[in-house]
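Undergrad: Residue numbers (my numbering), protein chains in the order written: chain Y, 1 to 256; chain C, 257 to 592; chain V, 593 to 887.
Read the hints as simulated data drawn from the structure, not as lab findings. Just so you know, not all the hints are guaranteed correct.
To be verified - What the simulated footprint calls covered on chain Y by chain C, stretch by stretch (three residues with Cβ under 8 angstroms from a Cβ of chain C suffice, anywhere in the stretch; the number is not a length):
(1) 39-52
(2) 71-78
(3) 113-121
(4) 195-202
(5) 216-230
As the structure is a computational prediction, the values presented were derived from the model and not from experiment. Every residue, glycine too, gets a C-beta built ideally from N, C-alpha and C.
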Amino acid sequence: MSDLSAPVLAVADLHREFGGVRAVNGASFTVPPGRITGLIGPNGAGKSTALNIIAGALKASAGTVSFCGRDITGLPSYKVARRGIIRTFQLSSEFAALTVLENLLVAAPAQRGEALWQAALGKRYWRPQERATVERARQLLARFDMSAKEDEYAGNLSGGQKRLLELMRGLMANPVLLLLDEPMAGVNPSLARRIEQHLADLVGEGLTMLMIEHELAVVERLCDPVVVMAQGRVISQGTMAEVRSDQEVLDAYLIG
Amino acid sequence: MSVAWQFYISTVLIYLGVDVMACWGLNLQFGVAGLVNFAFIIFQAAGAYTAAVLTLGPAQPASQGGFQQYVGGAHWPFPLPILAAGLVGGLLAALVSGLTARRLRSDYEAMVMLVVSLIATSVATNQVRLVNGPNGLALVPKPLATLVNLSPIDYQWLFVGITAAICVCVYWLVHIVTSSPLGRTLRAVRDNEQAAAALGKNVTGLRMLAFILGGVIAGISGAVFVEFISAWSPGSWLYPETFVYFTAVIVGGSGNNLGVMVGALLVPVGFLEATRFLPPFGPPGFIDALQWIVVGALALIFLWFWPRGVIPERRRRFPLAAKNAAQHEVPVRTGE
Amino acid sequence: MNTIVPAIGFGIVTASILAVAGVGFTLQFGVTNVLNLAYGDIMTAAAFIAYLVTSAGVSVWLALVAGAAFGSVFSVLLNRCIYTPFVRRGTRLFGMIIVTIAVSLIVQNGLLAIFGASFFSLKMSRPAPVHIAGMVFTTVQLAIIAIAVVAMLLIHLLLRYTKLGKAMRATAADPDLARNCGIATDRVIDLAWAISGALCGLAGVILVMNVTAFTDTTGSQFLIPIVAVAVLGGIGQPYGAMLGALVIGLTSEVAAAIFNPEYKDVVAFVILVIVLLARPQGILSEVATRKEVAA
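Chain Y extracted, bound-state conformation (with noise of 0.2 angstroms):
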């Protein structure tokens, strides 16, 4: 619920080095719940290492990690990712030799007939629920103006399909909290938009999102709040405006 203060996720002094380089340096932030998060800050500011932190695919060398409430810290990506966190990845990564349609049921959380012993069980005792989860895969098909290709190959779609789809799985997930890295990137002006849209929908609906982003104007009529990263660390917290008049941030930008 949106009214609720509770932080969703809360990231602590974390810290991650590749071979000498300190990727993230002491990040520490917050995602308040039904709202979108931006992560911004110039290139190599630590923003992608730490989502990957969170997401569980790094480990952090230091620092916490707490998901409402819960430490998250260490656990491997697909423990993080049943618990409710769901990420979306900069590189389109459908599964390819998947129609659209097996692509969202894949995503679909706790599936009888996934373990090998409900396998066995047979059709009638699966298929009922596959029919319900084929049916909100197919709303949310007809949601994002997809649903003519249902059956088609992932790996057959443009990019910016790939893109859609990309975002649809992780919404089939079932996400508590949605991690977005860079939704945009590469896509056509009008397809920006209508992603942009999307987003917009899922945050009134009390969806919680974390969303690294590097066109500001985006960032500004997205997401309250925004969370700047320079140089491993978090220089910044608070709305757009707040941010924007930081001379430290300004900075950053110059100077990153």
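Since chain Y is already given, all that's left is putting chains C and V on it; use the hints.
TA: For chains C and V alone, coordinates are given in the frame of chain Y:
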């Protein structure tokens, strides 16, 4: 039909059954789950060995007229040795996949498995005490032979029936895996394991499951084979045999159980058997060498022109909306 | 104790052969990202070419050149006509392994079909024994060591001081960047295969110079130690391969002297397994992790 023809056809059918099962197992590992198990033949060999010694009984010391030295043995009635073979295949697979916890790049891993199978063969051949060295085991009693008193040709057909029954069981296993949400998840892991993990799939566990199931099936197919030919030697389980199975899966259509059957029919059975009827020409071993050249060429040709195989993986389509679709609740997350 | 010193001598010879073979193998992987499992069989083929040359009465030195030349040409053609097209097509990594194994089967059985299943040996003048520091070498073996040393020196000079060498190192270190900067051109790749193919052919000939007889499977049997050498040194790292060759060459011969001579290959395998379990990127690590060989 003359008895000689009956013998030939029933033998081919049994070989076909064994190869089809092996290919289904390999397909589960490779076509569905994307694991390149180049030591596949070793799992088959292990299952075959298990079945052989569990039928043959413990090794007789030379003083009592025994001439084979090997490890293990018991006198178990059919079908226990075959089940045990499956179990051994599965355990071996569990061991291997447990050891390779560190994920290696797929072609690197394939090469490692290949080396493993080379060394396993070498050790088995050189250490006489383990599995009777290069001679292997012989005189394995055939299942049910003492219970039913049949003429040789009738027994052959009985064995065909046994093989067919076991094939049906194996098919049931691979079918429930590949046609269920589990199969879909395995294919997703095959296509992009990072994305699958990001959606909550336990990639390591799933891979291990596919590997173990493939190992069980390999063991069973090996057991059927050894019960039929009553002998087991390291020389039958060399790494090119794995390659034949891979070619069969590729030619037939990896990821598709029916296609794999076609591949098993075409490659190990069809192609290698077809040359039996050619008149021998060239120096000894010439035809064998040619066979292998053609197998290698087949693999290349099919990988180039029809990488998806003769019968590619089926595109799954879902029927349009039926009533009662909303009966089941979609699980809601509470952030636990 | 007095079995160990001669064993060290054998070890040096084996290490020499492994070094030449291993550097070639690892270069092919480093520059083009292909684990060429047909490598051993190309070595055998080169050995057969040398056999044909010496049987015609020509000196063994010319046979060496012929073998290296064959290896070079064959490898370039192999990469151009088979490997690269498959890679360009988007064949996945494990698909490429099947391609290389298919080529291996074709080459090995082609040799079997042409030459038959018997054993062959190069016609050379009778080698005389030479005693050095308690180790016994034949003149042939000394020649092998000398050839290997010269080859390694040439490779070192190539990699360090020529433009081609730098291009190869750059491509091995970061293939995408190299491609984008126009470094990893087709020409560089062709030359890399030509050079590594020459090493392959050379290794094949010196391998059979060192044995009493060889057959169609001799080269492919040598593949396990070659892979072990390449992996130990860090796959893609030529200097690592040289180091790995020394380690594996010496330990396998010494272990064979102390324990059972039948288990020479097993030593290489055990080292390979230990390295893969403990440190898959090998001793000199960088390239392997960048190519994400080990997760």
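Undergrad: Could you run down the list of hints and mark each one as holding or not?
TA: Status of the hints after comparison with the structure:
1. 39-52: It is violated: at least three residues are needed, and the segment 39-52 of chain Y offers just 0 whose Cβ sits closer than 8 angstroms to chain C.
2. 71-78: holds (count 3)
3. 113-121: The restraint on the segment 113-121 of chain Y holds, since 7 of its residues have a Cβ under 8 angstroms from chain C and three suffice.
4. 195-202: violated (count 0)
5. 216-230: violated (count 0)
Figure legend: structure checked against the earlier numbered hints; hints not met, in rising order: 1, 4 and 5.
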